[in-house]
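Enquirer: We have chain A already, so just place chains B, C and D with the ligands on it with the hints.
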Amino acid sequence: MDGHFAASDAGLDVARVREDFPILAQTVRGKPLVFLDSAASAQKPRQVISAMVRCMETAYANVHRGPYYLSEQATDAYEAARAAVARFLGAADAREVVFTRNATESINLVAHSYGRGVLRPGQAVLISEMEHHANIVPWQMLRDGHGVELRVCRVTEAGEIDLEDLSAKLADGKVGLVAVTHMSNVLGTVTPAERIAALAHEAGALVLFDGSQAAVHRRVDVQAIGADFYAFTGHKLYGPTGIGVLWARAELLDRMPPFLGGGEMISSVTFEKTEWAPAPAKFEAGTPPIVEAVGLRAAIDYVSAIGMPASEAHERRLVDHAMRRLSDVEGLTVLGRAQDRGGVFSFALDNAHPHDLSTLLDRAGIAVRAGRHCAEPLHARFGLEGGTCRASFGLYTTVEEVDTLAEALTKAREFFN
Amino acid sequence: MDGHFAASDAGLDVARVREDFPILAQTVRGKPLVFLDSAASAQKPRQVISAMVRCMETAYANVHRGPYYLSEQATDAYEAARAAVARFLGAADAREVVFTRNATESINLVAHSYGRGVLRPGQAVLISEMEHHANIVPWQMLRDGHGVELRVCRVTEAGEIDLEDLSAKLADGKVGLVAVTHMSNVLGTVTPAERIAALAHEAGALVLFDGSQAAVHRRVDVQAIGADFYAFTGHKLYGPTGIGVLWARAELLDRMPPFLGGGEMISSVTFEKTEWAPAPAKFEAGTPPIVEAVGLRAAIDYVSAIGMPASEAHERRLVDHAMRRLSDVEGLTVLGRAQDRGGVFSFALDNAHPHDLSTLLDRAGIAVRAGRHCAEPLHARFGLEGGTCRASFGLYTTVEEVDTLAEALTKAREFFN
Amino acid sequence: MFDDLRDLYQEVILDHGRKPRNFRRLEGANRVARGDNPLCGDRMELFVNVSPEGRIAEAAFQGRGCAISMASASLMTETVRGKTQAEAAELSGKFRELAMSGVCPDCGASLAGEMERLQPLAGVHEFPSRVKCATLAWHTLNAALADGAEERNATSE
Amino acid sequence: MFDDLRDLYQEVILDHGRKPRNFRRLEGANRVARGDNPLCGDRMELFVNVSPEGRIAEAAFQGRGCAISMASASLMTETVRGKTQAEAAELSGKFRELAMSGVCPDCGASLAGEMERLQPLAGVHEFPSRVKCATLAWHTLNAALADGAEERNATSE
Ligand SMILES: Cc1ncc(COP(=O)(O)O)c(C=O)c1O
Ligand SMILES: Cc1ncc(COP(=O)(O)O)c(C=O)c1O
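So the sequence lines, in the order shown, correspond to chains A, B, C and D.
Count along the first sequence starting at 1, add 6, and that's the number in the numbering used here.
Count along the second sequence starting at 1, add 6, and that's the number in the numbering used here.
Count along the third sequence starting at 1, add 565, and that's the number in the numbering used here.
Count along the fourth sequence starting at 1, add 565, and that's the number in the numbering used here.
In short, the hints are calculated from the structure, not lab data.
One or more of the hints may lead you astray.
What the hints assert, rightly or not - Computed spacing ranges between beta-carbons, pair by pair:
(1) A/A164 with C/D569: 37 to 43 Å
(2) B/A31 with A/D307: 26 to 32 Å
(3) B/P127 with A/N357: 56 to 62 Å
(4) D/S675 with A/V124: 53 to 59 Å
(5) B/D82 with A/A100: 34 to 40 Å
Beta carbons: idealized from backbone N, C-alpha and C, even for Gly.
Okay, chain A solo, but in the shape it has when bound:
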């Protein structure tokens, strides 16, 4: 990192940030690109891209395998990425960090290894109405295949976890695991992770946080929160595709049976009996995403150099501005009004289907997502089975882009009238 952010502690120098993202400088359909879909996947700064290129051009080989120079270099870089993730999450030990293919696989890993290996039929898993499918479907599969009950905590009208309902659903002591999002990808709601963890632990349950969005928008400290499992995904954190993270307390990883079988995750193999390597290797079967780990590390360095205070301040400014501007648009409903919300807005126009609306916005160069954002039950909860449009912000999002969106929405309403 060139460290050129240090000076701007008054806030974020967005113009400078944008220079790091080559993709943003283009026009789309003749209009300057306004990329408002970072919650689906963020763009990549040149620091990430060039770290990956450097790895492939100078120091690439398979890891953990070859006792030769390039392999040592690659192994060091891969393990340094693990250590960087551990620091980023405030983990006690790098060995608690498992690299996966994405957040979805991280959660599936827990559902398989902890779910089938440690939870007993008759116990329950408690999720919430605001989960992404990645934190619903694995538990449904566990329910259907392993006889675990699936409970769903209600979400309030404001779009927050209903903590009373959470307590009520924990009361009988049957819940073995609470698996909830740390930030909703639809409502922008940041959930009270510490409270949730405390309630879960009181009831004898462990807690998994889906941090796919939160890791991008908030400082995460897994130990301070009291998390037992924490999942996130590289590509939303300005990092590469093809890599995700599962953090879990060492003691849990030790107790869990492996998930996928293959090379790297064993300590000895005969046809009769195979012995597992200790974690994290036990959960990393086969050749890992080496170049992607290097890229993720560069992404973490990038956001760390900017610093959470500056990026949160920037986000708060955008969110406040968006709240104001969007509430001026006639006929527009914004989902949720949580106290603590990050830069993610889902909305519906009264006279346009979200899909039609997003086509119009695309013509104006504005990239928003339309649909149910992999959160069908949440849309059903709010009576919006037809979906919403979603605008989400990144480090590179400007106040002017929010204005462009608001103006386009007003015009779109006229168009369909």
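Expert: Just chains B, C and D with the ligands now, with coordinates in the frame of chain A:
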């Protein structure tokens, strides 16, 4: 691709190929790098690297999700990669191609979905003694968790699949799936895939080929072979890490339950009941390796532009040369002497442990792997529990590099005497 | 700002999108199929009454979706009325081509009048991600008319 | 060609590697541990006889491995003989440091003579991937001497 290979149909212009691999131009420990560990992971040509960069710098967004320009571009590129893989494998339809994280996950996917979903306890899976752990451990886990029998076909002294033993172990009709390698990562043996598929089918079994090595060294045509499942991995084919491929006949994918749960792989979700999307989406939960797919496609374009005939001819020349040169090294044993062998050699010196030997070779700039190459049972089969060293060739390997290896081996033997 | 979108959202489309014709459950339908576009959550149920002579006596639908998919379904139910199953299949193929390419080379031949009516949807070909919205209704029709079972599902994926 | 490797493969190492001392099963050992380096397949079984007074009366090992790991185990079994468990633990820590850094800052203090004997292995620090080969025996010793169970496993990973 610049197509600058077309002229050299007499063979491969290795010097030109080497220009495409920036990493090879370096010195290691003061010596020119001699990279002989391509079987663990191949180096990446600039064509692959720049395709990935281009994707991230100009046309990146999450796929299948946003009805806007960048997402359409990314989706097209991702699906074009799937189509390129289908052509590369001679598949009937791109929908038969599932992107995974690596070959290990591809095989685990089959072990979970086909193994638990379709095979019945009491049926058997037949593997061979020359499998990589990736094609052993998932079946052991299936055996232990699902009550399927695991049978192991013998390997002859020459390092070939013992087809008589294969027939014998198929005879009782209990085998539901034969899962064998298409090319050994230790012996270099290319297995007679068509024969094996025919024998399996006669006995009522399906057949999976682990093509992690074969896809690099031989032209693959899954339909001509008669394969039911075919797995390979991107990073060995000069492509990126973080991506693998599972090909399976459409009819099988349709019958198989999903593996991981999450976004992308569903058609509707309620808390009570979730409906799966059709294949391949059903098996691609969460954000896929988008940039990696683009890179893999560039790798396939790269090897296709060179063409299998030229690269096989090059490899044959290297293999013949290596056979001659290595047999001159006193005290050296090379494992296997299969009729059809690719550019992979495992060997042991009589007076040096493989680990010590590889340290010496590394000092000479030569990168070889030492150990058991994720094939412990095969090493046990040949009485080499302590492992071997392995040299493996790529498109960029030169005859001179083979000479360098042979000379260094002779010197190493003197060193330890 | 959105003037060039009038090609896609012609008045006919907006009108049929807002007030889809034949938008109802058809009691006594002898062919029923469901259509899904999981990407955007569009979903429709199509009811068809095929006469003993094999003609589509009536078609109707219910569901939710964007203007394009509602308008396409609405126009379809109007257009296929009175057609034989073979003609409906032919229309379906031609419409698919129209939606994907914007033109329909052999529309001069049979069913020219019907294709004329569907012409307003041709603009969709410039919007690759919206083609499925326009074809969903026709996929669902194909499913409804397919031999065999009475209940069918179609997906635009 | 390999002259600079004489730092790593000193004569002492090659000699102990070829003819490891105390290479046998120790009948009547009261502490046994197994050590594994899954990466390269090195594996050893360590036998220790701790006297009632808490001194290592004898140590021996069996197994397979590279010259470094065999030599390290061989030298270790010689060096720890007669030491108290506390001294063995101290040696183990110092050796680890020697192997990782090539030097042992406080070796001037206690056990200087013993560390002197282990000095030939210091060269390993320049070969990061080989450090584990040198420390495997000592990891295994720690496991053998750990409180509690009689049978222990160590892994160099
Ligand atoms: C024959 C064979 N199968 C499977 C694999 C596993 O590939 P990956 O580690 O990419 O999953 C390898 C390579 O390590 C291999 O050589
Ligand atoms: C809250 C949340 N959880 C999980 C995911 C899944 O992430 P991935 O698709 O990278 O596995 C996402 C993003 O799609 C998300 O927003």
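Enquirer: Now tell me, hint by hint, if it's right for this structure.
Expert: Results for each hint:
no., hint, verdict
1, A/A164 with C/D569: 37 to 43 Å, "holds, 40 Å"
2, B/A31 with A/D307: 26 to 32 Å, "holds, 27 Å"
3, B/P127 with A/N357: 56 to 62 Å, "holds, 58 Å"
4, D/S675 with A/V124: 53 to 59 Å, "violated, 46 Å"
5, B/D82 with A/A100: 34 to 40 Å, "holds, 39 Å"
Going through the hint list in order, the structure does not satisfy hint 4, though it satisfies all others.
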